[in-house]
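**Q** So the sequence lines, in the order shown, correspond to chains S and R.
Counted from 1, the first sequence has number 382 at position 382 by this note's numbering; the numbering is strictly sequential.
Counted from 1, the second sequence has number 1008 at position 8 by this note's numbering; the numbering is strictly sequential.
Derived from the structure by calculation, the hints contain no laboratory data.
Incorrect hints may appear among the rest.
[Said to hold, decoys possible] Partner residues are not named here, just some residues of chain R that face chain S (Cβ under 10 Å, in silico):
{"no.": "1", "residue": "L1016"}
{"no.": "2", "residue": "A1017"}
{"no.": "3", "residue": "P1027"}
{"no.": "4", "residue": "G1047"}
{"no.": "5", "residue": "E1055"}
{"no.": "6", "residue": "L1061"}
{"no.": "7", "residue": "K1062"}
{"no.": "8", "residue": "L1069"}
{"no.": "9", "residue": "Q1074"}
{"no.": "10", "residue": "Y1078"}
{"no.": "11", "residue": "G1081"}
{"no.": "12", "residue": "W1096"}
{"no.": "13", "residue": "E1102"}
{"no.": "14", "residue": "D1114"}
{"no.": "15", "residue": "L1116"}
{"no.": "16", "residue": "V1118"}
Because the structure is a prediction, the values reported are computed rather than measured.
Cβ coordinates follow ideal geometry from the N, Cα and C atoms, glycine included.
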Amino acid sequence: MAVQLGYTKVYRDPLGYPAWEQAGLPAARMPAGLCNDTSVAQHSCLPSGWALIWTFLGIFSGGMALNLTPCVYPLIPITISYFGGHSGESRGRLAGHGLCYLLGLAVTNSALGVAAALTGGLMGALLQNPWVLGGVALVLVLFATSLWGLWEIRLPGGLTQVAAKSYAGYFGSLFMGLTLGVVAAPCIGPFVLGLLTWVASQGSAWLGFFTFFTLSLGLGLPLFVLAIFSGSLDKLPRSGEWLLWVRKLMGWVLMGMAAYFLRPLLPEAGWVALMAAGALAAGIHLAVLDRTPAGFRAFGMLKGLTWLGALTAALLLVGFFALRGPGVAWQPYSEQLLLQAREQKKPVIIDFYATWCTPCRELEDITFHNSQVVQQAAREFVTIKVDLTRKGDSQSEALVRQYQVKGVPTVVFLDRDGKELKDLRLVDYLPPEQFLSRMAAVWGGGKN
Amino acid sequence: MGIKQALFLSLAALVLAGGALWWQHRPMPPPKEATYEEVTAEAQAGGYCLITTEELGRLYLKETPGLLLVDTRQEWEYRSGHLRGAVNFPMEPTWWGRWRAEGPLTQLLGADKDRLIVFY
């Protein structure tokens, strides 16, 4: 390839490193120091100037992208019902109200975000607390059943009254936005966990506020447009009953979201079964039982495709789970195992985990099931897992103190002499390639 | 949806899912060592020359000026051992990987088009 770029003296050594090493020529290893590992202290310095502007533009578009998550669905009918009643207003005034609404949403979101970020690890723990997860999932299911038409979402009477009284002033719209921000914020939480950590690491409340404010502006922009045009929605030609079908579909997407939140609470097999059953139920509800009269020709086809998609998804979920390759062979912790490892001069990986923690699950499902990771681990390492799901086990509590584990996941690497390599310690999900590079740092660095 | 249509679509879903699963778990031929002829032919097609370990070692120990060693393997492979002084430039052997690598590679190799570059 370098040839195409115009270089004249391009050579290739087809035998590469193994032959070089055998010939006893000078070689080098990259020991434990992860000098160019981007995952370490990536955001340690604050961007400035143009970089800052680009960062904020990025955050803004990130906010717009958050509209792809179903978290905003519940806000759509509420927004329409609130602004729809005021079709008499001029476009300009509606825009003003929409703007106030948007500002209100953004202020609430940002305040919640900053509070969450600056209370430190609390937010992460909160988003992984079984009760919180269960609660969010329950709310999502409620909204889903509403979208299926089982009940109607209505704003609490008191709220509408307060808003109606002051509607003439833009304060009403602002107030609505402020209140409704509470609906979306917890649901968006898991998607902006990285941003929360970034703000926490910066430690500045103002920077954090502007970060989340920018994010929420992006998030609210489509709602703003909706607010302006919801007045004219009445004038649109009735598009037929198939819109009800779209509502049902949105309900099922919300159900999927709820299942996503429940994932850490269920055993892997149970979760897969739930998702597959959900996909099947969605297909049956939307394509087989549904009697919505077709408003246009392609509607029948759309239903057919839905059935095809739902069934394929269910089969794939079950199939991939059943055929998944072997994972890393973990052993429960014992002193004897560590002694053995030291005698055999084998490095050790200790994984502290809990069943309810999402990054732990990701580590296990993706990284520790990667065939190269599994191979390397079996050949070079002694692999140990410590379950911290339940408190009160004396052995694991002693280990937590000994290794100063601050939370889950924590992956500890011990070198050939049983000493911990502290700079390699892992406290978050890491994709397989980067995990391999850490493993290489352990057994490569220990050899010399 | 009629019975016939439903049956047909269900079958299609089975085929789709089965196909995807097979693709994911399709039997891979074991990576065989390329023969010398194959390597030479590839080099000719690519317009570059081959160099033996001894020859490279001689150049290396002579401290040939401008010699640039580029390690194209994965980062973790590079970490666990590489030619001393080589730079790591992981490149996927796909057209997409090559296309993506073009800009950074030019930067890495520098402006001197006549310098001696050895990939491995």
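**Q** Take the hints in turn and mark each one as holding or not.
**A** Status of the hints after comparison with the structure:
1. L1016: Holds, about 5 Å.
2. A1017: Result: holds, 4 Å to nearest chain S Cβ.
3. P1027: Where the cut-off is 10 Å and the nearest Cβ of chain S is about 13 Å from P1027/R, the hint is violated.
4. G1047: 4 Å, holds
5. E1055: For E1055/R, the interface hint holds, since the closest Cβ of chain S sits about 9 Å away, which is under 10 Å.
6. L1061: Nearest chain S Cβ about 8 Å off; hint holds.
7. K1062: 12 Å, violated
8. L1069: 9 Å, holds
9. Q1074: 7 Å, holds
10. Y1078: Holds, because the Cβ-Cβ distance from Y1078/R to chain S comes to roughly 7 Å (cut-off 10 Å).
11. G1081: Check passed: Cβ of G1081/R comes within 5 Å of chain S, closer than 10 Å.
12. W1096: Hint on W1096/R: violated, closest Cβ of chain S at ~13 Å, above 10 Å.
13. E1102: 7 Å, holds
14. D1114: Cβ of D1114/R sits 5 Å from chain S, so the hint holds.
15. L1116: Holds: closest Cβ of chain S sits about 5 Å from L1116/R, inside 10 Å.
16. V1118: 5 Å, holds
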